[in-house]
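Enquirer: Sequence:
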Amino acid sequence: MNIFLRELKANRKALIIWSICMVLGVLSGMSKYTAYSSNGQNNALFNSMPYSLKALIGIGSFDVTKMSGYFAMLFLYIELTVAIHAVLLGAGIIAKEERDKTTEFLIVKPLSRTSIVTAKLFAALVNIFVLNIVTLVSSVFMVAAYNKGADISGEIVRFMVSMFIVQLIFLSLGAALAAFIRNPKASGSLSAAVLLVSFVVSKITDLTDRLNFLNLLSPFKYFSYKDLAAGSGLGIGIIIPSLLLVAVFSALTYFFYRKRDLSV
1 MNIFLRELKA
11 NRKALIIWSI
21 CMVLGVLSGM
31 SKYTAYSSNG
41 QNNALFNSMP
51 YSLKALIGIG
61 SFDVTKMSGY
71 FAMLFLYIEL
81 TVAIHAVLLG
91 AGIIAKEERD
101 KTTEFLIVKP
111 LSRTSIVTAK
121 LFAALVNIFV
131 LNIVTLVSSV
141 FMVAAYNKGA
151 DISGEIVRFM
161 VSMFIVQLIF
171 LSLGAALAAF
181 IRNPKASGSL
191 SAAVLLVSFV
201 VSKITDLTDR
211 LNFLNLLSPF
221 KYFSYKDLAA
231 GSGLGIGIII
241 PSLLLVAVFS
251 ALTYFFYRKR
261 DLSV
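Residue numbers are given in our numbering: position 33 of the sequence shown equals residue 33, and the series is strictly consecutive.
Derived by calculation from the structure, the hints in this document are not laboratory data. Quantities reported herein were computed from a predicted structural model and do not represent experimental measurements. The beta carbon of each residue, even a glycine, is placed where N, CA and C say it ideally should be. Worth double-checking, as some hints may not be accurate.
Each pair of labels, with its calculated beta carbon distance range [to be verified]:
{"#": "1", "residue 1": "9", "residue 2": "35", "range": "39 to 47 angstroms"}
{"#": "2", "residue 1": "145", "residue 2": "114", "range": "43 to 51 angstroms"}
{"#": "3", "residue 1": "129", "residue 2": "27", "range": "17 to 25 angstroms"}
{"#": "4", "residue 1": "148", "residue 2": "182", "range": "51 to 59 angstroms"}
{"#": "5", "residue 1": "237", "residue 2": "9", "range": "36 to 44 angstroms"}
{"#": "6", "residue 1": "183", "residue 2": "151", "range": "44 to 52 angstroms"}
{"#": "7", "residue 1": "96", "residue 2": "209", "range": "41 to 49 angstroms"}
Work out the full structure: start from the sequences and follow the hints.
Expert: As structure tokens, then:
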């Protein structure tokens with residue numbers, strides 16, 4: 001039995017649906033760009049907004065009348081969507097044996113629990129990678145269709161690289177929680193709740209610099225949108241700690257899964 005292929009097949013339909021939704025989401029977001037860039041009145045309107053309001057809706061200090069600033073704003077919602085997919089996928093792919101009552105099927109197979117988790121995580125990794133590529137390609141094409149200024153393809157690639165790391169963090173977090181909590185519904189709900197709290201934290205720290213220490217609790221703040229748009233923001237100093245966090249969550253997944261009693 002090839003668990004890797006089994007998981008890819010089991011999640012194929014969901015991946016197709018998520019991919020279509022991402023393409024439509026990018027298309028919908030980009031179609032609104034003309035309303036932002038149509039005239040100078042919009043720029044004056046955005047400049048008159050209180051900073052707190054701009055921070056909450058994702059504008060921040062970006063000039064959304066320009067494509068680079070507009071995509072940076074849109075990226076916030078793109079990243080939130082794929083993060084939800086990643087955390088639910090991570091939780092679901094580990095907890096599904098409990099949900100589908102197929103634990104006995106795994107027990108009688110000559111497979112170690114380590115190999116089972118490895119196959120599941122690699123299948124989940126393929127899923128988030130495909131969704132990331134779909135989002136990247138659709139973003140590049142949609143931006144090119146609406147952009148009348150300088151090319152920002154390099155900026156989009158940087159955003160997607162940072163997004164992939166955030167996907168990895170939430171994927172591994174969801175898997176670790178599912179390995180620790182046997183109830184599949186509870187693990188999925190808790191994973192989603194942790195993600196939403198993380199997102200709320202990222203919005204709170206946007207409102208005041210005095211709470212920036214809370215950014216450690218939110219992967220959404222690990223990469224600066226402003227730096228990414230400016231051509232940086234992917235330094236080793238943030239990539240390595242982020243990947244170490246993924247490694248820690250993955251190690252916890254293996255540990256908890258090996259400790260659980262699959263026969264119960």
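Enquirer: 17 to 25 angstroms was suggested as the range; check whether the CB atoms of residue 129 and residue 27 agree with it.
Expert: holds, 22 angstroms
Enquirer: Return holds or violated for the Cβ distance of residue 9 and residue 35 against the range 39 to 47 angstroms.
Expert: holds, 42 angstroms
Enquirer: Can you tell me whether the CB distance of residue 96 to residue 209 sits inside 41 to 49 angstroms?
Expert: Between residue 96 and residue 209, where Cβ atoms are some 43 angstroms apart, the hint holds.
Enquirer: Does the hinted range 44 to 52 angstroms hold for residue 183 and residue 151 at CB?
Expert: holds, 49 angstroms
Enquirer: So the hint says 36 to 44 angstroms: do the beta-carbon atoms of residue 237 and residue 9 match that?
Expert: With a Cβ separation near 40 angstroms, residue 237 and residue 9 satisfy 36 to 44 angstroms, so the hint holds.
Enquirer: Go ahead and decide if the range 43 to 51 angstroms is satisfied by the Cβ distance of residue 145 to residue 114.
Expert: holds, 47 angstroms
Enquirer: Just tell me: holds or violated, for the beta carbon distance of residue 148 and residue 182 against 51 to 59 angstroms?
Expert: holds, 54 angstroms
Of the numbered hints stated above, none is contradicted by the structure.
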